[in-house]
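Chains as they are written, first to last, in the working numbering: chain E, 1 to 349; chain X, 350 to 693.
Source of the hints: derived by calculation from the structure; they are not laboratory data.
For each residue, glycine too, the CB sits at the ideal point set by N, CA and C.
Careful, some of the hints might be misleading.
[Unchecked claim] Derived DEER-like restraints, expressed as beta-carbon distance ranges:
| hint | chain 1 | residue 1 | chain 2 | residue 2 | range |
| --- | --- | --- | --- | --- | --- |
| 1 | E | 206 | X | 405 | 17 to 27 Å |
| 2 | X | 602 | E | 158 | 30 to 40 Å |
| 3 | X | 551 | E | 158 | 45 to 55 Å |
| 4 | X | 478 | E | 127 | 47 to 57 Å |
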Amino acid sequence: MSSSTDSANSINYRFNSFAPRNFTLVLVICGVLLFVCVLASLAFGSRLVSWNELIDGLFHSNTDSYGANVVRKRVSRTVFSLFCGAALGVSGALMQAVTRNPIADPSILGVNTGASLFVVSGIAFFNISTANQFIWFALAGAAITAVFVFGIGSMGRGGATPLKLVLAGAATSAALSSLVTAIMLPRSYVMDQFRFWQVGSVGSGSWDSIITFLPFLIIGMLLGIFSASALNALALGDEMATVLGIKTSMLRLIAAVAAVLLCGATTALAGPIGFIGLLSAHAIRLMLGPDLRYIIPLSAISGAIILTISDVIGRLLGSPGELEVGVVTAFIGAPLLIILAMKLKVRSL
Amino acid sequence: MINNNSVKFIMAGRRKRRRRWILVTGLLAGLAFILCWTMLLLGNTIYPVNEVIRVLLGEELNGVSFAVNTIRLPRMLTGLLAGFAFGIAGNTFQTMLRNPLASPDVIGITAGSSAAAVFCILILHTSGAVVSIASVIAGLATVLLIYIFSRGRTFSIGRLILVGIGIQAMLNALISYLLLVGAQQDIPAALRWLSGSLNGSQMHELPPLSVTVLIFAPIIIMLGKHLSMLELGEQMATSLGINTDKTRILLIVSAVTMIALATATTGPIAFVAFLSGPIAKRLVGVGLSNAIPAGLVGVNLVLAGDLIGQFAFDVRYPVGIITGILGAPYLLFLLIRMNRKGDL
């Protein structure tokens, strides 16, 4: 693997040895936005905290005002949503690269719903109850669904075209979410706290879930980042990538495993949150161009920003309760799907 | 030159297809009739046929009258009318766009009507005519939006379906938001508006839906021949003497009105509009208009789905969950077949 990565790197360096033109600017923008959305996530909610309370809650652990405690509660939620967003962003970017298809995202391809169904079945039939168990069920569900959807989507002439993949994903997702509802409905008293299996929410984020999540996040991210430059070669087409010395099926497998790890673990803890992968990868691509060595890591940052902002919007729109973040991201993300569909050339559909 | 023998051959084929059409339609109608009666007879208590008939003829029977007149009859009639509307309207879109995936519930038209109905009922607290009108307008607006977004330089059905899926995702998010604000996550209400249900059907909700079906279903059925000519393609249809634009607009308005009213009454019952057309076509075969068979398949799906949902399990599932679980595998099967044939 390493030799193939090296050769791809040398090719890439010859043509594109510099960072994209706006790289520094984009980094600065991302940093500022990240800071702003973290502040917003700490400050806004069903109770607006003041500046002093915010500072107290973060830095003065001995202060015991109500506001300071609220802020401390929100810290874990914010960190959790940053991590989930990062995972979903990278997962989406990887899926787009593996399927060589701009309209790919864990939710559009139905992978999130698959993970969700497995967790809900696990709770209903196998009495699983801890985050650790959720994750393994979710990973199994995500992996099976990903293989299934890709299998159906790549049948027939022309391989996996965007239209075929999206349709296969939408159909699978519809089937699985009917099953999720059917399993949850009779157990609604148990499932009441788990309503987020249907739409996705980061409200349940605690330090425990963050610690469970972390290993999967790190492994997925590392796999994704290391396969980035080889995925660049894959973008030239399978033949070209092979000529450049890349084992395409091995690469696809590694990148897909990374994508499934990231979105499966996220879904296990936060439910199926849609469109983050689509939004974050395209936002970075728009600013920095198609080089995956930048898109994949930076999608983590943009994904974190988008998910956290969406969570804040959901809290504000739904107050005094909250609107699940999955609903907000679908509303923001679906227009991008429409725009991408409008831009696609007829032949590539 | 067409000689006598080939005329005979063509006529024989025609007769054969017509016989098959009549047979299939008759069987579907018979099945629908049986399901309607089952809906009236079954429930917490099973009443004998003669008692139900006496109640329907206007007699007052203790207990039976209430159960049949206020619960079972409205439920059955709503399912009947909504199923017919979904089936016939779905088939119209699928035939007109020449793709089974282009059904109103796949490309988001149903979600548009549903969102409007939810907005009127839960936020504005209106009912009756306002809800009906709003859902029709929203349905037509959704069609227009999908058309504008998918027009492009050259028309492509694939793009239309992708745009429709995007619009549907957005509208469903909007519905979830409205449910949160309006119903405080009242789960029965949520299920009704997200997947469709016959629970809580009432007699006074029926008139708008029945009037719509009585007006627009005949229009679509009468235009059936034109619809099959449209299926041959724009140029062929024009040369056969059809004003394609006028026909198409009339068909779209009729189909959307039926879909909208049915959705405003029952919520978007999952996949009925999508399933009815292809199933009817399978049964009837090609060559004859399958508007009526599609409508009847819709009726059978809704009524059978509701019966299964009510009585097959320990829990009562709304009909939309049942049709959703039945419909999605068929969608996958259809996709696999289309992919193999290279239709996509």
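* Asked: Honestly, which of those hints from before does the structure not fit?
  -> Number 1 - this is the single hint that the structure violates.
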